[in-house]
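So the protein lines, in turn, are chains A and E. Residue 113 in numbering that gives the first Met the number 0 sits at position 114 of the first sequence, and the numbers go up by one each step. Residue 227 in numbering that gives the first Met the number 0 sits at position 228 of the second sequence, and the numbers go up by one each step.
Please keep in mind that the hints were generated in silico from the structure rather than gathered at the bench. Each hint should be verified, as a subset may be incorrect.
Not everything, but these chain A residues come out facing chain E in the computed CB check (under 7 Å) [to be verified]:
{"no.": "1", "residue": "Lys-66"}
{"no.": "2", "residue": "Ile-70"}
{"no.": "3", "residue": "Trp-99"}
{"no.": "4", "residue": "Asp-103"}
{"no.": "5", "residue": "Arg-107"}
{"no.": "6", "residue": "Arg-217"}
Computed list of chain E residues with no C-beta within reach of chain A, every gap over 12 Å [as the list claims (entries may be wrong)]:
{"no.": "7", "residue": "Asp-176"}
{"no.": "8", "residue": "Glu-178"}
{"no.": "9", "residue": "Ala-182"}
{"no.": "10", "residue": "Val-187"}
Quick reminder that beta carbons are idealized off the backbone N, C-alpha and C, glycines included.
Chain by chain, the residues:
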Amino acid sequence: MAELGADLKVDGIHTAYGLSQVLFGVSLDVQAGECIALIGRNGVGKTTTMRSIMGLTPPRQGHVMWKGQDIARLGPHRICRLGIGFVPEDRRIFPELSVWENLDIARRTGAGGRTTWSEEQVFALFPDLAEIRDRRGGVLSGGQQQMLTIARTLMGNPELLLLDEPSEGLAPLIVELLQQRVAELKATGLSIVLAEQNLQFVMALADRVYILEKGEVRFTGTPADLKADERIVHQYLTV
Amino acid sequence: MTLTMFTLNAFYGLALAMNMFIIASGLNLIFGVLRVINFAHGMFYMFGAYITFTVAKTWGAPFFVGVLAAAAALGLIAFVVERLLLRHLYDKEHLMQLLFTFALVLLMSDAAKMIWGTDQYSVGYPPGMGGAVNLGFVMLPQYQLFLCVVGPLIAVAMWFVVDRTRWGRVVRAATQDREMLAALGVNVPMVYAAVFTIGSALAGVGGALAAPRIALVPGMDATIINECFIIVIIGGLGNMWGSFLGALAFGFVVQFGTVLAPNWQDVLPYLLMLAVLIVRPWGLLGRPEAGH
């Protein structure tokens, strides 16, 4: 059966925290199996876009269509169960739970009965986690926490992964490893929305990029388009 | 004090401690997960006792049917209260929650007077539990012996559920980061409702099990809520085994205090709490709150 249109279609969302509005009509779309990147400086609305999609900070206006259904008014647990997984920038590991317990509470058959990911599969993807399975989440290193937060979200068998700044604060070697792992995830057919400041990471993984500034989309194109136009990089990305 | 007297008092202290633990553990569970201090917990306890009286004495059903009825009724009341009212207050300041649960105390107190009046009632020991077990040098009453078995059973059951089951892991995660837990697909509001229901049902069970050994009078809720707070604070807020230790300390201090220093009876539990807090401000098994 042919799928018409995009899996995820964000249509003109306005999102605010209390009185301070962050997003001013952001629109984007993700095809099945595609990886799009949200880039831009700190504070332009990358995280807020993800929080809006996930239902954590619901948009005040606009629509979030997922496989034809408007999910903009649903709670986060409903959105998760429909197949969208969120990997937060600050990792949000449960500090008093062990590595295994962090994975166990996220264990869930995906939308439409997907069971791609189990404990064994995530441990195969991140073998380091298997060795520290009984360690408390609160004592892990930054790299271990980043692997665990991705592994934990995979336990819910999502079809779309919202991956917020995975490389932030990690050593270059770990960033490289992470980049390989995310590429492997993409190769399994998982759709990905990636927010990143690390351009090399973006260039290696993204099919298309959206540049955000002040809560609006300022540029849409392929990584090649971006490479071809130095001015855009200077205007929106370099500090 | 003779060995017989000592053993008997230690035994009564233990039975009181176990009864108090059942009640306090519910208050502690609710605080640990929801961060709500439920002032109505004592009222739930009183309702548990009165419902047992109605079911077992007025209707003549077996005592343990009364205990189950108390658990079910308080669980149901708590579930409705949480779903309709309390859930709107989690994001508000603590004062609002405190005022709300206090309002609940006033409402239920009047409801209790309308249903049961202001007479004093007693339930009596269930058949076959009114006797005593003879150890040679001392006679231990059967019903108190039964309490000494039920208390640890409930403690172990709670430990097992919280520590060893997936649902327990979800509950522990909810105490740490409920937003992330929701993003992982867990219906956190229903977890909260379940915890409030179970915690309140424990108050009902505690009241039902207390009914044979106390007089049922209006105002019995106020005493018990103070005592529960003392136990939970001694043990460390949110810590189940802490409440268990707190209840033991409370039970022995009250029982021996009553016998050895009757004039100090009312103040001894507070002195106990004071002593513990001077040495360990966060309670016996509690941990200092992050950032303090």
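The hints, checked one at a time:
1. For the restraint placing Lys-66 of chain A at the interface with chain E, the shortest Cβ-Cβ distance is roughly 17 Å, beyond the 7 Å limit, so the hint is violated.
2. The restraint placing Ile-70 of chain A at the interface with chain E is violated, with a minimum CB-CB distance near 13 Å, outside the 7 Å limit.
3. The restraint placing Trp-99 of chain A at the interface with chain E is violated, with a minimum CB-CB distance near 9 Å, outside the 7 Å limit.
4. Hint status for Asp-103 of chain A: holds, given a least beta-carbon distance of 6 Å to chain E, under 7 Å.
5. The criterion of a C-beta within 7 Å of any C-beta in chain E is met by Arg-107 of chain A, whose closest approach is roughly 5 Å, and the hint holds.
6. Annotation: interface hint on Arg-217 of chain A violated; nearest CB of chain E at approximately 28 Å, more than 7 Å.
7. Residue-level check failed: Asp-176 of chain E sits 6 Å from the nearest beta carbon of chain A, not beyond 12 Å.
8. Glu-178 of chain E, annotated as away from the interface, has a beta carbon of chain A within 12 Å; the closest lies near 6 Å.
9. Residue-level check failed: Ala-182 of chain E sits 5 Å from the nearest beta carbon of chain A, not beyond 12 Å.
10. With a least beta-carbon separation of about 7 Å from chain A, Val-187 of chain E fails to lie farther than 12 Å from that chain, contradicting its non-interface assignment.
Of the numbered hints given earlier, the model fails hints 1, 2, 3, 6, 7, 8, 9, 10; all others are met.
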